[in-house]
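**Student:** Here is what each chain is made of, one letter per residue.
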Amino acid sequence: MGDGDRVKKTIRFVLNGEKRAVDVAPQETLLETLRERLGVKSPKCGCDRGDCGTCTVMIDGRSVRSCLVLGVEVDGAVVTTLEGIMENGELSPLQQAFLDRNSFQCGFCAPGMIMSATELLARNEKPTREEVQEGLAGNLCRCTGYSPIIDAVLETAGVVSKGGSDERS
Amino acid sequence: MSGHKFIGKSVVRVDGKAKLTGAAAFVDDLEFGPGLLHAVIIESPHAYAKIKKIDFAKALGVEGVVKVVTGKEFPYRFGLYMHDRYVFAQDHVRFVGEQVAAVIARTPAVAKEAARLVKVEYEVLKPVLDVETALEEDARLIHPELGNYHHVPWFFPKKDTNIAHLRKVRKGDAEQGFREADHVFDDTYMVPRYAHCSIETHGAIGLFDHSRRLTVWAASQSPHTQRHLFAEALAPLGLKHKDVRVIAPSVGGGFGGKAGVSMEILAAALATTVQGSPVKVHWTREQEFYNTYQRQGVVAKMRVGVKNDGTITALEQKLYWDAGAYVEYGANVVNAAGLSASGPYRIPNVHIDSVCVYTNLPPGGPYRGFGYSEFLFGLESHFNEVAKKLGIDPVEFRRKNAICTGDVLNYGGKMNPSGLLECIDKVAREIDWGKRRVSDDPRKAIGKGFALFWKAPAMPPNASSTAFLKFNEDGSLNILVSAMEIGQGFLTVMAQIAAEVLSVPPEKIRVETPDTDRNPYEWQTVASHITWGTGNAVKKAAIDAREQIFDIVSSALGQPRESLYLDDEQVRSRSDAGFGLPLRDFVINGIMMKDGTFRGGPIIGRGMFMPEFASALSDPETSQGGKPNVHYTVGASAIEIEVDRETGRITIPKVVLGVDCGKVLNPDLLKGQVTGGMVQGLATVLYEDMRFDGKGRLLNPNFTDYKIPTALDTPEEIVSIFVEHEQPDGPFGARGVGEHTMIPAAPIIANAIEDALGIRIRSMPITAEKIALAIRDS
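For the protein sequence lines, the chains are Z and H, in the order given.
First residue of the first sequence? That's 1 in my numbering, and the numbers climb one at a time after it.
First residue of the second sequence? That's 170 in my numbering, and the numbers climb one at a time after it.
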């Protein structure tokens, strides 16, 4: 956040259910706004060019890579990060499935992965395995090999049983 | 061994909620307030050059710039196993991307802008970019001072050459072994360089405060080793180890890349130049590719002597490692691979030269598998070819020659308990070995591949682990260790071990990542040794606490000590069925006597483990005489693939991995290692490799051009098989396993392609393009 600080613009948006107003520089990314100005740290920076998906958040219910969106663009929007999907301080069913199935290891990709999967399930209640794979293909994970993540999403959708795996014929 | 309450159970991860809610803080998430400074590094654009002049006057003039630092400030060599590198380049740069100077500024943007104004004049030298050139008679020396470098006693650098280390293994009489053979088969295999690709890049923040105390927060696999290297490298500034502190928050993937000291030294060193202010160095994805450690490339020339019945009589392996510009860590990869380059086979006559070669490419270093993936690609491919030429089934060939418990290892020691044969049989059965499937689609060829694997921890012989264990008022406890949770589930397994000894459920045990000031010593989280080493230390700490508990209860309450045992968070007695004293009643406050005085007090356990039987000293000409490896974990793996004959594209219906890592402490976590490791390994053979141009510049330092797997690239089915021949000196019988699961991936693919198409591909990666071209040319 350099020179642009001199020409900041005030944006107003809803962040995780709360109305926020913040001054942002014109060139700063939403990821920077969230992390550096607002202290919302769950979106991570893994590549800063939209390749890895670890900065995924939702704008008006659609997942975006917050390193590819400018902070000024969310003026008037509803932004949701991982911090906003807990339900009364409890894990969402998807988070619980991630916990039950070890669908994370180092945990760095987990916030972005859960955001993408949350959007996926909101748009497609009963996805197939292939649809889950397609839906999560923009979120990189180097630890798990993805299978436990895919299974957690399918379990949350009720496509596979708790602890079970999808049978392929 | 049955009757365990927590060991062998798929206990839920103790770090799960933190990681799934965003509560887990990674190094970039830590806040340092408005005083935080940011450093941007000026890097060499040349693979080899002499630095003539650095002019940073203009950069210093920019508002917000605090300092410009060059190699002049830190003229000291350092390194893990060999002191061959500097904080910043001195008179020469030796790879593209090497750090030459740093601009420290109030904001990242100002630092970046000012860095562009630093002018460095170079005299460009012709770089040495491959091992063949580096080994030529009149090759340009990359380290003319090599003969003077300080190094561990088990390295053998060749001065006035580019050979930084040569590990020779001579077992039996190879010449005699080849004479006894009915056939001798030669071949050469090549493996390129690879990147770890942790999703979190490296980052470190250093603070040298006004009391001259240096604290470094780092994404780290090696907090204590980093503290030691910082103290050692910066000793001329008068720093003692007690003044240096490393704090390691959650780390976003390691795979070896965050072991040792790479860019972290910059934060430590730069902090000393701006006393009183924290300074942050954070690698971009691009820097993550070219200036941390890379997995080294290797050219493997091998020769195998066999009898007509398939018995291997002799093996010669010549491994030429492209170790890069600095080998302070990578030379030990070369060393470890050399000691074990026979693979898990019973071979009476072995001749191995593992050669660590300096080149003007980025520094090589540790990567999950530590050299074993690299040499096993060639060896396991070659053994398949040998079996085929002899008309012997490749699984039968392996079974016949597989190493067994008690067999003599390459350096003379005895093989530890090993269920390799059982792994071979179970894996072969699971993949339906011997049954050929034919696709309905004429474009698709189906094939199966098989390979064995092994690996030992590569550690100094005295690599140690320690643990403190503290009880709390409610009978819950905190365990302090300094090994790192890098995703594998280490914290959970440590909780399970203490839980088993103390009969306290894992959910009442907190284990977190370390601060070297508070947590006791650990060498490093590498080598797949911490379940074993740190696990032993935690078990000892728990036993120490238990013994204190029994002492207090027997002396204060007169219960016979030998009758006491722990059950369900209580002390109970075999001789007094009615006795049950909850731990929470006394583990902090002690036991009240009739007169109102107390006995006992807070229970604190300590545990230490060092493998006192290991030794790295051996005959440099043969490697005979020492005991460099504490144990080998072995296994077998098989795959079924479908190859599209037109595009070369491979799909994987099924892959199987069977491993004997002794007692399985947490089956779900182990399964996670198999699935994740296998996919990472498959990526090295199917998609990834580092590409350099003729000037030593990395062409693909990003995820667009260096493709790691996505959710679309998972095999349809990954089957894990666990065989449990317990390790006598492991906690509850466990051995290491973290790295092993990616090791067989490359040869099973190469062998399956050969099975499907009759084409042998001898260089990695084996991309769809390479297969399609090979089909066209066949």
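The reader is advised that the hints may include incorrect statements.
Claimed, not checked - The following label-pair restraints were derived from C-beta to C-beta distances:
#, chain 1, residue 1, chain 2, residue 2, range
1, Z, Asn-124, H, Gly-233, 46 to 54 Å
2, H, Leu-406, Z, Met-86, 21 to 29 Å
3, H, Gly-749, Z, Asn-124, 53 to 61 Å
4, H, Gly-204, Z, Asp-60, 32 to 40 Å
5, Z, Asn-124, H, Phe-354, 53 to 61 Å
6, Z, Gln-27, H, Ala-937, 33 to 41 Å
7, H, Lys-337, Z, Gly-39, 52 to 60 Å
8, Z, Ala-21, H, Glu-200, 17 to 25 Å
9, H, Arg-598, Z, Ser-165, 14 to 22 Å
10, Z, Ser-165, H, Gln-739, 35 to 43 Å
11, H, Tyr-856, Z, Asp-60, 30 to 38 Å
12, Z, Gly-89, H, Ser-608, 45 to 53 Å
13, H, Gln-739, Z, Ser-161, 50 to 58 Å
14, H, Lys-288, Z, Ala-21, 40 to 48 Å
What the hints assert, rightly or not - A few chain Z residues that face chain H, going by a derived Cβ cut-off under 8 Å, partial list only:
#, residue
15, Gly-46
16, Gln-95
17, Gln-105
18, Phe-108
19, Ile-114
20, Tyr-146
It should be emphasised that the hints constitute simulated quantities derived from the structure, not laboratory data.
We treat Cβ as the ideally placed atom computed from N, Cα and C, and that holds for glycine.
**Student:** Would you mind marking each hint as holding or not holding in the structure?
**Tutor:** Going down the list of hints, with the structure as the test:
no., hint, verdict
1, Z:Asn-124 <-> H:Gly-233: 46 to 54 Å, "holds, 49 Å"
2, H:Leu-406 <-> Z:Met-86: 21 to 29 Å, "violated, 46 Å"
3, H:Gly-749 <-> Z:Asn-124: 53 to 61 Å, "holds, 54 Å"
4, H:Gly-204 <-> Z:Asp-60: 32 to 40 Å, "holds, 37 Å"
5, Z:Asn-124 <-> H:Phe-354: 53 to 61 Å, "holds, 54 Å"
6, Z:Gln-27 <-> H:Ala-937: 33 to 41 Å, "holds, 40 Å"
7, H:Lys-337 <-> Z:Gly-39: 52 to 60 Å, "holds, 57 Å"
8, Z:Ala-21 <-> H:Glu-200: 17 to 25 Å, "holds, 21 Å"
9, H:Arg-598 <-> Z:Ser-165: 14 to 22 Å, "holds, 20 Å"
10, Z:Ser-165 <-> H:Gln-739: 35 to 43 Å, "holds, 40 Å"
11, H:Tyr-856 <-> Z:Asp-60: 30 to 38 Å, "holds, 35 Å"
12, Z:Gly-89 <-> H:Ser-608: 45 to 53 Å, "holds, 52 Å"
13, H:Gln-739 <-> Z:Ser-161: 50 to 58 Å, "violated, 37 Å"
14, H:Lys-288 <-> Z:Ala-21: 40 to 48 Å, "holds, 44 Å"
15, Gly-46, "holds, 5 Å"
16, Gln-95, "holds, 5 Å"
17, Gln-105, "holds, 3 Å"
18, Phe-108, "holds, 3 Å"
19, Ile-114, "holds, 7 Å"
20, Tyr-146, "holds, 4 Å"
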